[in-house]
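Keeping the supplied structure of chain A fixed, place chain B with the ligands upon it in accordance with the hints.
The listed protein sequences derive, respectively, from chains A and B.
Just so we're aligned: 49 in my numbering is position 49 of the first sequence, and the numbers increase by one with no gaps anywhere.
With positions in the second sequence counted from 1, the corresponding number in my numbering is that position plus 1000.
Heads up, some of the hints might be wrong.
Said to hold, decoys possible - Calculated lysine-lysine pairs in the DSBU-like style (CA-CA distance at most 30 Å, straight line):
1) Lys118(A) with Lys44(A)
2) Lys130(A) with Lys1088(B)
3) Lys114(A) with Lys8(A)
4) Lys44(A) with Lys1088(B)
5) Lys130(A) with Lys1131(B)
6) Lys1206(B) with Lys1307(B)
7) Lys118(A) with Lys1150(B)
8) Lys1047(B) with Lys130(A)
9) Lys137(A) with Lys1307(B)
10) Lys130(A) with Lys114(A)
11) Lys1250(B) with Lys217(A)
12) Lys137(A) with Lys1088(B)
13) Lys114(A) with Lys137(A)
14) Lys1047(B) with Lys214(A)
15) Lys1088(B) with Lys118(A)
16) Lys137(A) with Lys1132(B)
17) Lys1150(B) with Lys217(A)
18) Lys130(A) with Lys217(A)
19) Lys217(A) with Lys1131(B)
20) Lys1150(B) with Lys1206(B)
21) Lys8(A) with Lys130(A)
22) Lys1150(B) with Lys1132(B)
23) Lys118(A) with Lys1131(B)
24) Lys214(A) with Lys1250(B)
25) Lys1132(B) with Lys1206(B)
26) Lys1150(B) with Lys137(A)
27) Lys1132(B) with Lys130(A)
Because the hints were derived from the structure by calculation, they are not lab data.
Just so you know, these numbers come straight off a predicted model, no measurement behind them.
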Amino acid sequence: MFDQAVVKMIGNGILETLYMTLTSTFIAYIIGLPLGVALVVTDKDGIHPIRWLNSILNVIVNILRSIPFLILMIFVTPLTRAIIGTSLGPTATIVPLVIGSAPFIARLVESSIKEIDKGVIEAAQSMGAKPMQIIWKVLLPEARPSILVGAAIAVTTILSYSAMAGIIGGRGLGDIAIRYGYYRYENGIMFVTVALLVIIVQVLQEVDMMVARKNDKRRK
Amino acid sequence: MYYGIRGDDGISTPETIVSLRNLTKTFPTADGAGFTALHDISLDIRKGEIFGIIGMSGAGKSTLVRCINYLERPTSGTVLFQGRDLSKLSMPELLRVRQSIGMIFQQFNLLMQRTALQNVCFPLEIAGVEKKARIRRAEELLELVGLADKRNSYPSQLSGGQCQRVAIARALATSPQVLLCDEATSALDPSTTRGVLALIREINEKLGITVIIITHEMAVIEEICQRVAIIDAGRIAEVGPVSDIFTHPKSDAARRLVLPPGERVEEFMGGRRCRIVFDGRSAFEPVISNLVLEFRHPVNILYANTKEIDGKAVGQMIIALPEDDHLAERMLGSMRAQGLSVEEVTGDV
Ligand SMILES: Nc1ncnc2c1ncn2[C@@H]1O[C@H](COP(=O)(O)OP(=O)(O)O)[C@@H](O)[C@H]1O
Ligand SMILES: [Mg+2]
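Excised from the complex, chain A in its bound form:
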């Protein structure tokens, strides 16, 4: 059962899964991080309240968060084709992964920033800091350890989304598990891929938490 071809396929699956997950996480943070900051800053208790913008951002995030990923994935297919040229393969899967996870990441970032003591922000304001200075010098650096912890949750979620993408031809380990386990009843291969997914999640989480701990100066 585990001949050369299968081993190669699983090896490829690992690489594809890592590629989809890490690239999507990266791009999703490029969108989700500023979105999360904007959610906090423009809030009515924020450092620069903008009511209408805050409402719009909240509505967009809530809508995207409430669509199940499987449906979102199919729903954005035309957009994926327009951007990537195809809706199949790991690169194409990045599009729904980013759209599905960026709003989730925005919420994670939002709650990390809200953990910061209000007094610290007030102190910065008492020194005459502008909102942009507060964002760059207070909110992001002070929330950094917590944002990094959030990244462990984000990367796990994105990895599980990427496995789901196997259903519509996204490739990667999820695809293998579905094809061999669900359609061909080759349980051995399915178990191996599932074990690999678990290991990848563990490793990514451990690495992330290690970076987060190293970055946190609060308990030392």
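The following block gives chain B with the ligands in isolation, referenced to the frame of chain A:
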């Protein structure tokens, strides 16, 4: 510059640095009625003084101090800082004014992810000071607050007193004219409190920075302030020199603070009693021993609350008067003749 309007003592006052005129602050409430935290507050803070604002929790102290640097916009009334009406300033101008008003807090509010040195550098970064000059200035200030050796420690590695010293260094970084202290020692134990207050006094004397101290503890006011305002339920109950308020509290709020409930003398009932107020001109012991020597009659001290305020010995003492009315009158007369403020007290003191 904003030169002196007449102060509450009727004499032309020194230069006023912060002037609050009919300040009112109303917070919106769910029922729409609004909650008025400050009612018509007028105060003048003189350049170079250490001014105390004392009141119970919820009296409006933090709201008041936040109005001084416009972290809170008053609902009505004006805040004049060095004669400039803060409400008339543009946002960039206001941000610049805030750089000349330092502020420290009960919880220190240091950046947890920055070292002591980086924390002190922070306001300088905001003010756009270039890196080398920033670090030089921060080192100087850590030296001033006695923490030069802790420059690379994070707040989590420092004690409460050390954190507050870093916060003081940080507040001084941009060379402010005024230092606002909102319950700055309330999270510290008594000996650390004394150290931090001594540092604040040193800064006031050395650098000539005007200090406004907000507290709910009379001990803090006695230790360091020259003048004090008593705030009660959002209103100023009394303003004046600390020794006056301590010896002759006029308002109920002041009396509550000067003579806390636990120390009242209701328990010493029966017999005639008198209260002697020491206003800093005489000491305690000679008065009592003179009485004993002069009248050859023991003097029973029922209550004494004596302090050093602003370098002067002040306080009050309640003594039992002899049963013999004639002797009692002579004792009272003798004390008055010495220039002491004496009054007979009856019932609830
Ligand atoms: N942002 C706010 N919104 C509504 N009420 C407030 C707000 N800030 C303070 N208050 C109220 O104003 C009163 C005075 O508060 P504060 O100035 O913090 O008192 P203190 O510092 O003397 O303890 C309190 O009753 C408090 O609940
Ligand atoms: Mg307060």
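Verification of the supplied hints:
{"no.": "1", "hint": "Lys118(A) with Lys44(A)", "result": "holds (14 Å)"}
{"no.": "2", "hint": "Lys130(A) with Lys1088(B)", "result": "holds (19 Å)"}
{"no.": "3", "hint": "Lys114(A) with Lys8(A)", "result": "violated (46 Å)"}
{"no.": "4", "hint": "Lys44(A) with Lys1088(B)", "result": "holds (24 Å)"}
{"no.": "5", "hint": "Lys130(A) with Lys1131(B)", "result": "holds (19 Å)"}
{"no.": "6", "hint": "Lys1206(B) with Lys1307(B)", "result": "holds (25 Å)"}
{"no.": "7", "hint": "Lys118(A) with Lys1150(B)", "result": "holds (25 Å)"}
{"no.": "8", "hint": "Lys1047(B) with Lys130(A)", "result": "holds (28 Å)"}
{"no.": "9", "hint": "Lys137(A) with Lys1307(B)", "result": "violated (45 Å)"}
{"no.": "10", "hint": "Lys130(A) with Lys114(A)", "result": "holds (18 Å)"}
{"no.": "11", "hint": "Lys1250(B) with Lys217(A)", "result": "violated (50 Å)"}
{"no.": "12", "hint": "Lys137(A) with Lys1088(B)", "result": "holds (28 Å)"}
{"no.": "13", "hint": "Lys114(A) with Lys137(A)", "result": "holds (15 Å)"}
{"no.": "14", "hint": "Lys1047(B) with Lys214(A)", "result": "violated (47 Å)"}
{"no.": "15", "hint": "Lys1088(B) with Lys118(A)", "result": "holds (27 Å)"}
{"no.": "16", "hint": "Lys137(A) with Lys1132(B)", "result": "holds (18 Å)"}
{"no.": "17", "hint": "Lys1150(B) with Lys217(A)", "result": "holds (15 Å)"}
{"no.": "18", "hint": "Lys130(A) with Lys217(A)", "result": "holds (25 Å)"}
{"no.": "19", "hint": "Lys217(A) with Lys1131(B)", "result": "holds (23 Å)"}
{"no.": "20", "hint": "Lys1150(B) with Lys1206(B)", "result": "holds (23 Å)"}
{"no.": "21", "hint": "Lys8(A) with Lys130(A)", "result": "violated (55 Å)"}
{"no.": "22", "hint": "Lys1150(B) with Lys1132(B)", "result": "holds (19 Å)"}
{"no.": "23", "hint": "Lys118(A) with Lys1131(B)", "result": "holds (27 Å)"}
{"no.": "24", "hint": "Lys214(A) with Lys1250(B)", "result": "violated (58 Å)"}
{"no.": "25", "hint": "Lys1132(B) with Lys1206(B)", "result": "holds (25 Å)"}
{"no.": "26", "hint": "Lys1150(B) with Lys137(A)", "result": "holds (22 Å)"}
{"no.": "27", "hint": "Lys1132(B) with Lys130(A)", "result": "holds (22 Å)"}
Hints 3, 9, 11, 14, 21 and 24 from the earlier list are contradicted by this structure; the remaining hints agree with it.
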